[in-house]
Amino acid sequence: MSVPRYWREEVPRYRLLGKVCAGCGAKFFPARPVCTECGSTEFKDHKLAEVGEVVTWTVVRNPPPGFEKYKPYVVALIELEDGMRLLSQVVDVDPEEVQKGMRVEAVFRRVKEDGKAGIIQYGYKFRPVVE
Amino acid sequence: MSVLSLHRQVSVIGAGMTRFHHRLHQDKQGRELFVEAALEAAESVDNDFAFGDADALYLGYFSSDMFERQGHTAALMADWLGMNPKPAYRVEDACASSGVAVNAGIQAIASGMCDVVIVGGVEKMRTLGTKEVTDTLALAADANYEAGVGFTFPGLYAAIASAHFSKHGSTWEQLQQIAIKNHVNGKKNPKAQYQETIKEIADKLGERKGMIFRDEMEFLNSPLNPVVASPLKLFDCCPISDGAAAVILAADDVAKKYTDTPVRVTGIGQASDTMALHDRDDLTSLRATCFAAGQAYKMAEVEARHVDVACVHDCFTIAEVVATEDLGFFAKGEGGEAASEGRTALDGEIPVNPDGGLKAKGHPVGATGAGMVYEIFNQLRGQAGEHQIADAEIGLVHNVGAAGATVTVQIYRRG
Ligand SMILES: [Zn+2]
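Protein sequences, first through last, are from chains B and D. When we follow the numbering used here, the leftmost residue of the first sequence carries the number 101, and every step to the right adds one. When we follow the numbering used here, the leftmost residue of the second sequence carries the number 593, and every step to the right adds one.
None of these hints come from the bench; they were simulated from the model. Hints should not be assumed to be uniformly reliable.
To give a feel for the contact side, a few chain D residues facing chain B, derived at Cβ under 10 Å [claimed, not checked]:
(1) E738
(2) I752
(3) A868
We treat Cβ as the ideally placed atom computed from N, Cα and C, and that holds for glycine.
Using the sequences and the hints, build the whole thing.
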């Protein structure tokens, strides 16, 4: 991803900030320009829950450029406590131990390193909740 | 949903395809591959056909920009075929690029704007290394919220597989039966990238490594079949390929001039869905497939059980399981078991991917949908050779863009 686009989205990435439709209350992450439920274009900020559980996951062993140093890594579909879903890496865990229903919490981490340009991108990842 | 219809009937009068391959076309450009396929398509028309007879070209090419540093490819191909000044359209809908090009061509004829149209697709991928190809394919996912967090294309389908396993109890072992079957079929297809069974590949690789495998499963469970994105291993994934396919469509009233045995288009469907997997309620089904198939079945006035032969989008083994369920061949959750029981084999009740599928035939992204039409055209004319399904009368083509944000379905009938 280009650097300017990543910067523009840095706040939502950093704070897990989505939108709630002012017309019908539907919640979105990432933010959308048009509500898929009612067509409204009016939104308010919606702070996502920071704890959720793994719905489905995979372990990536052939990473794309920029992600090499994290391999093998877990990427998962996570359902947060407020019902919102997002895709994220799950870290601080043995990939073999990840399972459906595992409780995870958001952490702020380094996401990608572009070796050529020397750009480091930050964002959310999730790690198991220690009960 | 209202029942859509074609206001003018359309037929396939010719089809051609290069062999799909990872090495064979090293020294050719995409334009040369597409011309090769188009020449074969023209040759396959029973009576004389010249490219100048066509009123338009619809070309699927996913990423000429990244793979060949070449844009504006539709006009380029039209020029190379000697079609000027006929209009040319490039279609980019990821792996469904030429499925969409076929639908667009059919609609152009049905609308009355054209009588004869050339549709097809090409992808020249082997100009880049595997890592760069993977990165280019990831352009078909959401760059911000899928690829941007480290998801790869195999990773998205791996997540679909995990969800399918836990919801329906399907297994990795069932998926292997799909890879094994598609290689058995590919062996019978002279246009396939891999014309070897998995057992033959196991024996060959085993000999090189000093290993002996009793059967396919022992090989597929060995370190020679590494995990790509769990639970998917190397042999769950289709290969990287170069290739092209071209199909010639004509209005029914015009088709008579070219052939006595056209293949009729009886139903088409197309649907879009969310790009990102996090926006889907159920990962075990592609909504766009269900929608597009529903539309096509209604238009064709047939049901899933009437289909004699199908080419479905098996970019990963799990994708064929999901497709055979979403298309209605099997109940939801039963696709894996059905494949294990041989119900989709060449001699099964509904043969799926008799040409070897993306897995063994290869997957030059932009050419795949048109390559499936090439197969069904030959099946319904009884000229598919060693992998012919006896008396096939109704054929279905299912082409998927990335993880299901675009799906096309067409139903064809022997003329
Ligand atoms: Zn709304």
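Hint check results:
1. For D:E738, the shortest C-beta to C-beta distance to chain B is roughly 6 Å, which falls under 10 Å, so the interface hint holds.
2. Against a cut-off of 10 Å between C-beta atoms, the interface hint on D:I752 holds, since the closest Cβ of chain B lies about 8 Å away.
3. Of the supplied interface hints, the one on D:A868 holds, with its beta-carbon coming within about 7 Å of a beta-carbon of chain B, less than 10 Å.
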